[in-house]
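Undergrad: Read off the chains here:
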Amino acid sequence: MIPTIPQKPLHVWVWRAYVTAFFVYLALPLTVVCVFAFNDSLFPSLPWQGFTWDWFFGTEQPRLGVFNERPIMRSIGTSAFVAVWVAVLSVAVGTCNAFLFERYDFRFKALLYVLMLLPLVIPGIILGISILVASNFLANTLEDATGLWFDNLRPGLPLVILGQFSFIATFATLVISARLQKFDRSLEEAALNLGATPWGAVRTITLPYLFPAIAGAAVVAVLMSFENFNTTLMLVGSDAPLTITMFDRLKEGSTPVLNAVSLLLMAASAGLGLLSLALQGKKA
Amino acid sequence: MAEATADLECRGINKDFGTFRAVNDVSFAVPPGTFFSILGPSGCGKTTLLRMAAGFLEPTSGDLLIKGRSMLNVPPNKRPVSMVFQHLALFPMMDVAANIGFGLRRRGEPREDIARKVDAVLARVGLPDVGSRRIEQLSGGQKQRIAIARCMVLEPDVLLLDEPLGALDLKLREHMKVELKQLQSEFNTTFVYITHDQSEALVMSDQIAVMNHGVFEQVGGARELYYDPKTAFVAGFVGDSNRFSGTIESIRGGKLKARTPSGFAMTGTSAADGLSKGDSVDIFVRPEAVRLALSKPPVSKLANATAGTVDSILFNGANSRVLVRDEATKNEIDVAIPQTGEFAGLKRGDKVYIGWDADQTRCFAAGKS
Amino acid sequence: MTGDRSRLTMILLMAPLLIWLTALIFIPHAEMFLVSMREKVGVRQYEFGFANYATFFNEPLYWNTFVRTALMSVAATALTLVIGFPVAYYIAKMTRGRSKTILFLLCLIPFWVSELVRTYGWMILLRESGLFSGLLQYVGLASQPIEFLYNDAAIMVGLVYTSMLFMVVPLVTTLDSLDDSMIEAGYDLGGTGVSIWREIVIPHAMPGIVSGCIVVFMLSLGNYLTPILLGGKDSLWFTGLIYTQFITRFNWEQGAAFGFLLLALSSFIVWAGLKLSGQTLSRTMGR
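Residue numbers (my numbering), protein chains in the order written: chain A, 12 to 295; chain B, 3 to 371; chain C, 916 to 1202.
Keep in mind that the hints were calculated from the coordinates and are not lab data. All the given hints hold, so there is nothing to weed out.
Below 20 Å or equal to it, Euclidean Cα-Cα: the simulated PhoX-like pairs (lysine-lysine) are: (1) B:K173 with B:K145; (2) A:K19 with B:K80; (3) A:K19 with C:K1008; (4) B:K332 with B:K259; (5) B:K145 with B:K119; (6) B:K332 with B:K298; (7) B:K353 with B:K332; (8) A:K262 with C:K1148; (9) B:K69 with B:K80.
A short list of chain C residues far from chain A (calculated; beta carbon distances all over 12 Å): (10) E954; (11) K955; (12) F971; (13) E974; (14) D1067.
Nothing here was measured: the structure is a model prediction, and the numbers come from that model. Ideal Cβ positions, reconstructed from N, Cα and C, are used throughout, including at glycine.
Assemble the whole structure, with the sequences as input and the hints as a guide.
TA: Next comes the structure, spelled out in structure tokens:
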């Protein structure tokens, strides 16, 4: 049960076997996706036809590699654009929220905190449709009233960014609050005591201390934005982010190009994920 | 009448962690009804020894017996010992009664019996009405008593206690020392108590084993350890001591004369056999064994007499001390101030006379601690 | 004075929060509710009423799908808990130092990858021309390709896989905080493996179990990708109905009503889970 309690070798063996089986289960789908990115065949399935780089660098149909596939490359760009905006907005709002909840006392603070957590327990697809409905209503009203067009309120990237931001901001708040909580306020008081202005103290002492959490939150936001599907699906217009493009491709039938994209995505996410852990694991 | 079987007995116990030997050939026997303490600095192997008795560690070699029965390969839940953990390990998810009844439920005792026994043991530890309280509602001292009650309700042959007073504040700790001793005689169960705090061990124990670097330095009663330490480590660890070094110039029977580096010839007693002329020795003199005087005559008859000036006075009520810069040894000597009023006016820079007897000057071969 | 200034700063800090919650959460949900209460009586003509909700209750396909989605989500949650708990326990209590960090990271890594990629992996494994089918034929257990996709079991596998992280992480965190001496004390007092799990380990892990279960249930309920891709077009998942009403049929009133029902169910389960276990949302999620 724990190492200090003597147990039968059989028990230890069963535990290890179970945990191993679990990790095989975790690794299996990702491994096959990666492996079939290099299969020299038009379909990502058995039999194994030999190794090829075509699905990354191929230049001609039907073996057009990822790097030469315009729609996919464009959707990666779209995703990156969305992700950067979501990260910037979430981190900005998250930092404000962290200071608000950690530093101030006001009426309804507990209530407001719970409300801030709500986006975590609303299914993503509901967030998507509610924003869709509301923005559409707003667009119609404004257009009827002014006779102008409000395309930014119709499905498209601005709505995708807002939709993802609406729940990623909560994660950013939690990550940044956690670090702000550990901050020793006497450091700020010392700065004030040495003649700094309140804002000067925050800027030179508190924000640098928070930086790992802010950067970590930004990375998490980028990751979550990149892989978001449910909310994006309901708000997407003509420019599709990567997950939507891949989903449409997948419905038509898969080719190893999808495996190749997935592999790239995995490498990038794993890199970013480790980066965020490294940032958050950093001690003051 | 044959000697009763020991409640807990260790025979040549060793425990290795990799190449590090945490417990080295320890043998001892704890007679029934004894309050037995194992005293030592942190890292001396006392926790390892206790956890072997509880069954959370297996000895590398040697045998461990409880009531004469070998406990090797008996898992902790099958041993007739109970343990009070360092942080008590009371289960926060259960109330007090459920905590105490945990072991009884495991034995499958009927519900009414459990309730009755729980009430009885709560009454014995002096907390009859706390059964339905939650653990976090108890004070530190109450938690302590509940932790003991939780073990005692199982009527173990031996109760093991892993420095349970460590987390308490000073006042409560002083109080609990007395209370633990009372509980032990009340239950009349063998307690094996480990601690690094000598005063806990001295106050409560019938027998104390002083442990260092995995070995037992000395086993004995509190007085014996204090007045007749057998090793330099025990002399230094139990109680306070002034410590000098020296080289033996002459030795006859138990008495010896040693010269300190500053040239002072100290008369002392050899605490261990095997010392001979020319050996380096460590010399220990307790602060309360040093006679303090304002004039020379009172100390001149003592085997070691010298004079010095007061460096500082450490006032601590009944335990007040004075640090004297000694002319002969050039050492700073820690001297207990007798509370007779004679020294009430003592101040820094005063000239004082000090001396101590040869019997109170214990010499050990150097470099052993 | 500083009081005024501090008050001003507070208001400035509160503004983004209020704008965010009002513009992106409250107004949209209120609007969605209003839309769901509109009955279509003619072209661009609406009346206030419960017709969209009535449709839901009168059409067996709709509420069957609703109940089925809920039940399968419960099953997926239970399975995730049962599968994940021993692993979390192993990581938290039976490993130390470096190997603990590594195992924990190994648990996290698959979840930095898009859900789409994970699901795609299962498609490659399970489909007719997939790896499992091929393997069975190769070893001679099957004479022709077998389709493992497009059934409830496939959906289950995908849901459990996708949710595992959200179960294992809170479990590891809470189990990690269980002092080893609690378990040792349990043994010392005569407990056995089973009784210690039942009376000490599981009660201690309850906050983690609740928060894990809430998140997993909510994610399963709101999942769209996994049921569609692994369960096929007829997977009968409630989010699929919402998507159809909104995007294919363009019947937003009906879709909004479905959306609201899903939200109500998910909120109810979250609330009930918190109430039953005596937890609060702030304590469960705010970590």
